[in-house]
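A.B. asks: Please model the entire structure based on the sequences and the hints provided.
Chain by chain, the residues:
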Amino acid sequence: MLEFLTAPLVYPFMQRGLLAAVMVGVVCAVVGTYVVLRGMAFFGDALSHTILPGIAAGYLLNGGDRGALFWWALVTAVASSLGIGAISRGAKLREDTAIGVVFAGMFALGIAMISTVRSYSADLTHFLFGDVLGVGDGDLLRIGIFGGLILLTVILLYKELMLLSFDSILATTLRLPVQALEYLLLVLIAVAVVVSIQTVGVSLMLAVLVTPAATASLLTRRLGPMLVLAAGMAAACGVVGLYISYYLGVASGAAIVLTCTALFLLTWAGSWLRGSRAKS
Amino acid sequence: MRHRYLLPLLAIAALTLGACGQKTTQPAGDLPRIVASTSIVADVVRQVGGDKIALSTLVPVGADVHSFAPAPQDVVTVSEAQIVFVNGAGLEAFLEPLLKNAGGSAEIVELAKDIPLREMSAQDLATEDDHAAEDGQDHGGNDPHTWTDPNNVIYWTAAISESLGRIDPANAGFYAANAKAYNTKLSELDAWITQEFATIPPDQRLLVTDHAVFGYMADRYGLTQVGTIIPGGSTGAEASAQDLAVLQDQIRSLGVKAIFVGNVSNPSLAEQLAQDTGVKLVTVLTGSLTPPDGPGATYIDYMRSNVSAIASALR
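From first to last, the protein sequence lines stand for chains A and B.
Per this note's numbering, the first sequence starts with residue 1, numbered consecutively.
Per this note's numbering, the second sequence starts with residue 1, numbered consecutively.
Since the hints were derived computationally from the structure, they do not count as laboratory data.
Among these hints, one or two may not hold up.
Stated by the list, open to error - Far from chain B, by Cβ distances over 10 Å, these chain A residues were calculated:
(1) Arg66
(2) Arg222
(3) Ala235
Said to hold, decoys possible - Chain B side only, calculated, beta carbon under 10 Å to chain A, not exhaustive:
(4) Ile229
(5) Ser240
(6) Gly262
(7) Ser268
(8) Glu271
(9) Gln272
Glycine included, C-beta positions come from ideal geometry on N, C-alpha and C.
C.D. replies: Listed below in structure tokens is the structure:
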């Protein structure tokens, strides 16, 4: 049994992959809890497309240097998320509508920029996409630093963000800077998304952004336990999924995503059973 | 109320007209209008057709053939062409909707049609399948990368000179002579490659690549394709931890000296693999030539650059 667990650790890529899956899982699940509470689940997917113009600009100016592309992507993602905030507030539209508008526009802008050059492919975003099996030491350091900053911000502003998510009217009455906090939250999510994309790729980022938080929200209505549960489940699914990928030969990103999904379905079935038993 | 819409409509009309006015058509004159799918096909077609044809290339130099998105002018180019040369054998699956729906009367010539295609081995196939699932390219069971053996390109020149001679009989002799002269160069290239690879110790003739590009080269010159990494860092991380572990063990146990990656893929997975196993990471050219100032501006330069890179890394 012990050997079953230690055998894959002989490979450095497995050690780095597990570490990355856990760190990305915790950070994404924490910001993902707010994503789920606010009903903006497709923010992550959209953001992975809105960074295209940034990557195109970075590519045209700096070439394929991944370090430079990362900063371009980060700036574009933050700008996009601020744009989403401004549109949903200013135009009084639902946040998911604002995401749709910004996402389509930015993605098309990126395609248009690339097409003027003609010698680059529309798949430029792939230059930035990481792979959980191809994580390097620099990637680990980056997710460690950014992830730490994000978690620290969430902890320091825990009460304020809780009011914002559950009772924004009370938050306004208490004279909290609601608008600034909302923008801050969007920026936190954007940073988490870009750093995760660069470290482990899109599929994995999406999985740990939404599914663990959704699972946790089935189990509790309180923010604190929800954050902890989501983070714990994301980290656990990352580890279990990577072991499944090692022993069954399934693509790593998919294995972790499916582990998250399975956990969600189990939890859902469990809470449904408990609900129907309580009724009878 | 009506004319509230008039201004935007006028603006749209003006933009549309402007865009039409800017349309660039090939200054074809009365030369035969020929289209080639990739830069590699285009170079060989140019060698045979010389200055007697008006040649356009669909997938630009340096672009990833797998994710190429045609622009309207590409559709125009195809619809006005007399012949479209493609590698065939499933490589240009991405072009099929364009070729089918462009209209016009272009004849599509598959250069690989007379080449005995090699089957992908089980391992090549497994990785190529993942590859296909990811970029929508359908390679089927045959290896489409025919050009990695110059002897196959001799089949290409035959098909090209035959097709060009048919639509432009006045210059048929010119095309045939060019093809013959180019075939001589291809044979010289073949001899040179044999010589280069002979300098590699036999037990070192091992290829690990990002995807199975060099099948024909390996078969012809006695190299073994040990394994492939799935193209690193694509949207859906396609490699499994198991595949990567197996590949790493093979690299160690066989003493593989280098990993070869293409010029159009994200190398992060390969970089980490090379670092962990302590072998060299060598960039090679795969589906596209380089710009004129690069090391592989023509097909022959492309082959020489790759063979030199592989031979010096494995020696």
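A.B. asks: Work down the list of hints and note, for each, if the structure agrees.
C.D. replies: Going through the hints against the structure:
1. Arg66: violated (7 Å)
2. Arg222: At roughly 34 Å from the nearest Cβ of chain B, A/Arg222 sits farther out than 10 Å, so the non-interface label holds.
3. Ala235: holds (17 Å)
4. Ile229: Holds, about 9 Å.
5. Ser240: holds (5 Å)
6. Gly262: Violated. Min distance 13 Å.
7. Ser268: holds (4 Å)
8. Glu271: holds (7 Å)
9. Gln272: holds (5 Å)
Consistency note: the structure conflicts with the earlier hints numbered 1, 6.
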